[in-house]
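Participant: As you go down the protein sequences, you meet chains A and B in turn. In this text, residue positions in the first sequence follow this note's numbering: the first is 2, and each later residue adds one. In this text, residue positions in the second sequence follow this note's numbering: the first is 647, and each later residue adds one.
Incorrect hints may appear among the rest.
As the list claims (entries may be wrong) - Straight-line alpha carbon distances no greater than 27 Å define the calculated BS3-like cross-link-like pairs of lysine-lysine that follow:
#, chain 1, residue 1, chain 2, residue 2
1, A, K99, A, K74
2, B, K714, A, K74
3, A, K107, B, K744
4, B, K724, A, K66
5, B, K714, A, K10
6, B, K670, A, K99
7, A, K107, A, K66
8, A, K16, A, K66
9, A, K10, A, K58
By construction, these hints were calculated from the structure, which means they are not laboratory data.
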Amino acid sequence: AQRVTQPEKLLSVFKGAPVELKCNYSYSGSPELFWYVQYSRQRLQLLLRHISRESIKGFTADLNKGETSFHLKKPFAQEEDSAMYYCALSPLSGGYQKVTFGTGTKLQVIP
Amino acid sequence: DAGVIQSPRHEVTEMGQEVTLRCKPISGHNSLFWYRQTMMRGLELLIYFNNNVPIDDSGMPEDRFSAKMPNASFSTLKIQPSEPRDSAVYFCASSLGKGLPGELFFGEGSRLTVL
Numbered sequence: 002a003q004r005v006t007q008p009e010k011l012l013s014v015f016k017g018a019p020v021e022l023k024c025n026y027s028y029s030g031s032p033e034l035f036w037y038v039q040y041s042r043q044r045l046q047l048l049l050r051h052i053s054r055e056s057i058k059g060f061t062a063d064l065n066k067g068e069t070s071f072h073l074k075k076p077f078a079q080e081e082d083s084a085m086y087y088c089a090l091s092p093l094s095g096g097y098q099k100v101t102f103g104t105g106t107k108l109q110v111i112p
Numbered sequence: 647d648a649g650v651i652q653s654p655r656h657e658v659t660e661m662g663q664e665v666t667l668r669c670k671p672i673s674g675h676n677s678l679f680w681y682r683q684t685m686m687r688g689l690e691l692l693i694y695f696n697n698n699v700p701i702d703d704s705g706m707p708e709d710r711f712s713a714k715m716p717n718a719s720f721s722t723l724k725i726q727p728s729e730p731r732d733s734a735v736y737f738c739a740s741s742l743g744k745g746l747p748g749e750l751f752f753g754e755g756s757r758l759t760v761l
């Protein structure tokens, strides 16, 4: 079974402060991890994924297989980062791409 | 491409009524997913299809829920009879479904309120 845990429902930070959104996963095989974001009145969309190793909008995420974590980080929060963030997991192999999401964390950046 | 298209955007119905939600995936995408979003549970995977075939429906809450994909460009999620606890936003998403796990493209969602 595959499972994604996001322990925080709400995270409030001041503008300019560092941000870390936590994500832990459980999966017996090799996973691909994603972060999706839902801005107000917009569709849920991909922010970044592990396999791309990219930094998007200043966000990065490192896969730690030992701790089974994929935390999302940004050194300096901006007001426009306020949104709902979902961590997601999909098997890297097996043919079918069952994508499982966590419960989400609402990030609130205080001006 | 207009992206994934869902209808209706909003639905208010009374307990016991049948509800049908519709989805048109992005052309050329082989995988289609139905998710339910609530404050308490976040995004729950209900069912997903690959090449129009249901692959995993273990997330469907109970027999009141059913989903079909009669062709590559259309899917429905039906709730019969509906109950107040079914109130949520239902999302449809599609992906290429080939090779490495790909990006999911989401519709705008169907907000269901069951009174």
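Participant: If a hint holds in the structure, say so; if it doesn't, say that too.
Facilitator: Structure-based check of all given hints:
The straight-line distance between the Cα atoms of A/K99 and A/K74 is roughly 25 Å, inside the 27 Å bound, and the hint therefore holds. Our distance criterion of 27 Å between C-alpha atoms is broken by B/K714 and A/K74, whose separation comes to about 39 Å. This hinted pair does not check out: A/K107 and B/K744 have alpha carbons roughly 31 Å apart, beyond 27 Å. For the hint linking B/K724 to A/K66, the alpha-carbon distance of about 39 Å lies beyond 27 Å, and the restraint is violated.
Proposed proximity of B/K714 and A/K10 is contradicted: the alpha carbons are some 33 Å apart, above 27 Å. A hinted pair counts as satisfied when its Cα atoms are at most 27 Å apart, and B/K670 with A/K99 qualifies at roughly 19 Å. A hinted pair counts as satisfied when its Cα atoms are at most 27 Å apart, and A/K107 with A/K66 qualifies at roughly 25 Å. Taking the CA atoms of A/K16 and A/K66, the gap is about 31 Å. The hint is violated against a cut of 27 Å.
A threshold of 27 Å between alpha carbons decides the hint, and for A/K10 with A/K58 the separation of about 22 Å falls inside it, so the pair holds.
When held up to the earlier numbered hints, the structure conflicts with 2, 3, 4, 5, 8 and fits the remainder.
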